[in-house]
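Novice: Model the full structure from these sequences, guided by the hints.
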Amino acid sequence: MVDSKKLRIQTGVVNRCFKEKNYYLKELVVFEKKLQNTNFKDEEEAYRSKMVPQQIDETKAALKDTENALENAIVALRQLVEDDEADKSTKEWVAANDKLKEVTA
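Here the sequence shown is numbered in this note's numbering, starting from 1 and rising by one per residue.
None of these hints come from the bench; they were simulated from the model. Check before you lean on any hint, since a few could be wrong.
Listed next, the in silico DSSO-like pairs over lysine-lysine satisfying Cα-Cα at most 30 Å (straight line) [stated by the list, open to error]:
1. K60 - K101
2. K21 - K5
3. K21 - K50
4. K50 - K64
5. K60 - K50
6. K41 - K5
7. K88 - K5
8. K41 - K19
9. K88 - K26
10. K91 - K21
11. K34 - K21
12. K33 - K5
13. K34 - K101
14. K21 - K88
15. K33 - K64
16. K19 - K50
17. K21 - K64
18. K5 - K19
19. K41 - K60
Restraint ranges, calculated between C-beta atoms of paired labels, are given here [claimed, not checked]:
20. D3 - Q55: 38 to 46 Å
21. N37 - A95: 37 to 45 Å
22. A61 - A95: 28 to 36 Å
23. R48 - A69: 43 to 51 Å
24. A95 - N22: 14 to 22 Å
25. E85 - E45: 57 to 65 Å
Cβ coordinates follow ideal geometry from the N, Cα and C atoms, glycine included.
Specialist: Put into structure tokens, the structure is as follows:
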């Protein structure tokens, strides 16, 4: 039988990784907009704009790591949810199943 604590923890891992992935995607959009900006107010802003490509690369690397972690977490959660002995009436199982549907949609 699947331990409800394991199910709850793995659901939390998937949830955290999913939020982190969405954060990095939003951050990437912001940096790409900054990269297109060429109207600088002062010298410091011009200097910071030169750092944007590096920030984009770092965000892409972090995004790739997060996507890998999310994939692994989804596989682990799916195994727990699809376990034949899992009690499908528990709130933990329902939450885990709903989270799987959300992140794989």
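Novice: If a hint holds in the structure, say so; if it doesn't, say that too.
Specialist: Outcome of the hint check:
1. K60 - K101: Roughly 25 Å between the alpha carbons, so the hint for K60 and K101 holds.
2. K21 - K5: holds, 24 Å
3. K21 - K50: Answer holds: K21 to K50 is near 25 Å, not above 30 Å.
4. K50 - K64: holds, 23 Å
5. K60 - K50: Holds: K60 and K50 sit about 17 Å apart, inside 30 Å.
6. K41 - K5: At roughly 53 Å apart (the allowed maximum being 30 Å), K5 and K41 break the hint.
7. K88 - K5: Judged against 30 Å, a Cα distance of about 14 Å means the pair holds.
8. K41 - K19: violated, 34 Å
9. K88 - K26: Answer violated: K88 to K26 is near 35 Å, above 30 Å.
10. K91 - K21: holds, 26 Å
11. K34 - K21: holds, 20 Å
12. K33 - K5: violated, 42 Å
13. K34 - K101: violated, 34 Å
14. K21 - K88: The given pair, whose Cα atoms are some 28 Å apart, holds under the 30 Å limit.
15. K33 - K64: holds, 20 Å
16. K19 - K50: holds, 28 Å
17. K21 - K64: holds, 9 Å
18. K5 - K19: Holds - the C-alpha atoms of K19 and K5 are around 21 Å apart, at most 30 Å.
19. K41 - K60: holds, 28 Å
20. D3 - Q55: 38 to 46 Å: holds, 41 Å
21. N37 - A95: 37 to 45 Å: holds, 42 Å
22. A61 - A95: 28 to 36 Å: holds, 31 Å
23. R48 - A69: 43 to 51 Å: violated, 30 Å
24. A95 - N22: 14 to 22 Å: holds, 19 Å
25. E85 - E45: 57 to 65 Å: holds, 59 Å
When held up to the earlier numbered hints, the structure conflicts with 6, 8, 9, 12, 13, 23 and fits the remainder.
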